[in-house]
Every structure is written in C-alpha cells, then in structure tokens.
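Here the structure of chain E is known, so what remains is to put chain D in place on it, guided by the hints.
Number of protein chains: 2
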Amino acid sequence: MAGRKHVVVTGGASGIGAATVALFREEGSHITVIDRTDPGATADAWVRVDLSDLKAIDRIDPGPRIDVLVNAAGLPPRPGLESMVLRVNAQALVALTEHLLPRVQPGGAIVNMASKAGGKWREHLAQVRRFLALSGPDDLDAFVKAEGIDPVRAYDLSKEAVIVWGLSNIARFRDLGLRVNSVSPAAVATPILDDFMSAFGDRATRGVAITGRAGQPEEIARVIRFLASDEASWMTGCNIDCDGGLTAQLEYDALVGQDQP
Amino acid sequence: MAGRKHVVVTGGASGIGAATVALFREEGSHITVIDRTDPGATADAWVRVDLSDLKAIDRIDPGPRIDVLVNAAGLPPRPGLESMVLRVNAQALVALTEHLLPRVQPGGAIVNMASKAGGKWREHLAQVRRFLALSGPDDLDAFVKAEGIDPVRAYDLSKEAVIVWGLSNIARFRDLGLRVNSVSPAAVATPILDDFMSAFGDRATRGVAITGRAGQPEEIARVIRFLASDEASWMTGCNIDCDGGLTAQLEYDALVGQDQP
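Same order as they appear, the protein sequences are chains E and D.
Per our numbering, the very first residue in the first sequence carries number 1; after that it's consecutive.
Per our numbering, the very first residue in the second sequence carries number 1; after that it's consecutive.
Next comes chain E alone, as it looks inside the complex:
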C-alpha cells in the first residue's frame, strides 16, 4: 500500500458503507473495512468485529497509518435495541475514532455518518452532552431507562451525538492537522430502509413524498468521498445534509410559517 491512500471504513460491508468502499476502490485507495460481516473482495482488508462490543475496539489494528476514517456503521431504530443503537451509532464511533486517532496522518480526514434524524441537536444539546459524558455500557442502560428513551429517540439521540461530538472536536482535530465532517442523509435505498419507514412512520413517508424518491447509497458515498478528499481542504466541522433538499425545505417552511403576521 506504499503511496496509496489508506481508507478505513466501518460498516463497509453493506449500504452506504459498501457504496463508499466501492468509490474509494475506483480511485485506487487501500481499503480496510471494519465490520462484523465480510465485505467481500472490494476491500483490501477486513477487521472482523462487532462494534456493539466496546471492549473489542481497543484491539482493532488496521495498520500503523490511516489517511481517511469513514464511520459508516450504524443500526436503525428497532424496539428493544435502544442501548444497542446508542452504543453502535455513537459510543463505538467515538471509541474507535479515539483509538485510531494517533494513526491518522496530518492532512487526514474523518467523516461520520450522521442523519437528518440528528438535525435537532441544538434543541437536545443538554441530553446529548449527558449521553456523551457516560462512562460505559452499564451507565448507558441506566441512562436509557432514567431518560425514558424509546427506539426512535435512541436513534435520533445517537445521530445528534455524532454531530455534537464532531463539533466539540473541531479545534482539537485542527491542531492535529485533521478535518472532521459528517453527512446527514434522510431516506436512502439501503437494506435497512424498511426499518426506518416502519419506525419513523409518517415522518419518513412525508419526506420521500416531498423529495420524490429515496436517495441512493452512491449519492451519499460521493459526498463522503468529497469530504474525505483534499478538495474539501477548508471544510471542517460541517454537517452536510444530503437528502434532496428535505431538511432545508422543512426548516425554511416552518420558519416562514412562524414569521407570518
């Protein structure tokens, strides 16, 4: 892999992660996938791990040098999986990034998979910060119970936490010569779309009706690739909506509604 960019992609065996792997493959990067499922021959290396096992993260070794880390692994909202969703989508993302950070080279980039579901992080900032301050898995179960977190709230909170964690690290990562950005899709045509449609109900149906279709995994992956590239050298701390205009349109319509006399 001498001279080739080393790209590490979590969740690279399916969905947006797999589409991201395929794109980096096209441009000749060396790709390590971190996933519990075999990503197949598109990846150069596979680190097999279940990211819900936070203790396994410290043993992950994708090699000494990383140029790009794409945190794409994630679970959709499902009844009974509140803690699991928070653990995989947010706690594991933070733990893995911190674990790998010393290997990410100056000039490197971290791209996190957020979601339209995390867009209300400003309103929920206090809860997000309580969540990010938890010390481990045991705390997490108690937190979920104490704060009455249902499956949809767990998913939303997990994505809010991804965005907030990125924001809280802009300066620190800048000092390391690194950029950190996130991408927020709405409905995307992946194997877990049915989970979202079922969990979010009207909220998801309405969104797809407004934009006319779901996004394609490749359309999200292309934004990830851009953010990871030197083309985005002056972008850090951004959370990029990639949703056919849905988030912006809904926010604007709501604000204009409030602004009517």
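Fair warning: there could be bad hints in the mix.
[Unchecked claim] Not everything, but these chain E residues come out facing chain D in the computed CB check (under 10 Å): (1) P106; (2) P185; (3) D243.
No lab work stands behind these hints: they were computed from the structure.
By construction, the Cβ of each residue, glycine as well, lies at the ideal position given by its N, Cα and C atoms.
The following block gives chain D in isolation, referenced to the frame of chain E:
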C-alpha cells in the same frame, strides 16, 4: 461547445469567481463570464455588464443552453455603498438567475456565493423577506434609510438574502430538475480581503486567529465545483460553510456556554 458543459460564472474576472473559472477550465467546460472586468483568456466568452445596473440584466445573452450557473459576483462592505452592495450581491443575483432560468437544463445546478456573514439569516428572516419583496432600485434606497442599514449590515443582509432566496426556491427548482446550493466562506485571501478586515474589525481578526489562516480562493472554488457537479446529485438547498470550521466552532461554543449550569 457541443457536448461540453456550459458554465456561466458571474464575477469570474477576480477572486473566488476567477478561481472557479480556472477549475472548470481544467475539466474542459465551456465558460462564459459575466463581469464588468475582462476575465482574460481563461474564459471562452465574456459578457460585459455592470451588475449594479439591474436593467442591463435582461439583455444578457450567454447563449441558449446553460448547465451550471455560479453566482460569484459580489461587493464587500464599504461606507456609502449600502444600496449598491444589496443590489449587486442579492438583487442582481436573483434577477440574473430568474432571467437565465429558462436556459438552465434539467440536471443543471445553481451555486450561489453566500458568506459566513449571512449565517444569522434565521434571526433576521423578517427583514430579509422585506428586502426580497422590494420591487426595484427606488424602493431599495428608501428601505436602506428606513431600516437604518449601515455598510456591515448591508453586506450581512445581502448574504442572508442569498441564502434565504435559495431556500425559498428548493421545491420550485426541484420541479425544474435543478439543484440550488450556496457556499459560505469566512475570510478568503482575495483582493477584497482588506475591505472585509477593515469593515468587520475584531470579528474578522478573531476568525482568522481561530482558523490560523484565511482560506484560499481555490479552496472555495473546489466546493463550488463539487456542488455544481453530478457528484452532488442529492444535495440541494444546502448552504455549505467553507471556513476552516469557524462558523461551526463559534456556534457550538456559544451553545455550550448557554448550556452551562
């Protein structure tokens, strides 16, 4: 120009506009620059016009077919130029885009130059909408006087208006098969940087101190190129901060400050 992408760039003779022209040139697009100044040989065609003359806009004819429209023309804040700044940065942008809209091909993209200075559009939405509802140049002078708009407020308002106008057109442009996005830089090393540093004072100095340097025009132009490309096919209605993390960091720090017990 058969088969070549036709890219129209306002303000393409200098600064971020010129850097954008140079990038599109590299990829072989046919480029028309709309500017009062000669863009030189990098452009394929030059439509000479002073965009502060709104009546001249209806006579602009860059040919029957446009794939990408980049509205990069803009004036910095200067004492006495309040109306002029609002006219060129926002009114001319809207008028020109509406004038050219029938020529922009389905699948096409519009990218508008906004600014960190426009980031508080939510707080100022009522004033922005009053400004966008003005019917012409005469109204504008009265508006500037009645609302007590100073040079810095004129610049900020002009950029807020660019963002809001884009947001208000997401659905309409989607129906035409078009995407509309904007880019918001903070300090950029262009010939008008001194104007900004002088007008914004501490606000600008502090920003550059946080990010360690000003952005380079090419770094903004690369984001414009991405947004204009099919790579960004699922992005519309976005306002992309391209400022080394400044806007996100300041917002987050302010929110966390409020959130302290």
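Status of each hint after checking the structure:
1. A distance limit of 10 Å between C-beta atoms decides the matter here; for E/P106 the minimum to chain D is near 13 Å, and the interface restraint is violated.
2. Using the Cβ-Cβ criterion of 10 Å, the hint placing E/P185 at the interface with chain D is satisfied: the shortest such distance is roughly 8 Å.
3. The beta carbon of E/D243 comes within 7 Å of a beta carbon in chain D, closer than 10 Å, and the hint placing it at the interface holds.
When the structure is compared with the earlier hints, a violation turns up for hint 1 alone.
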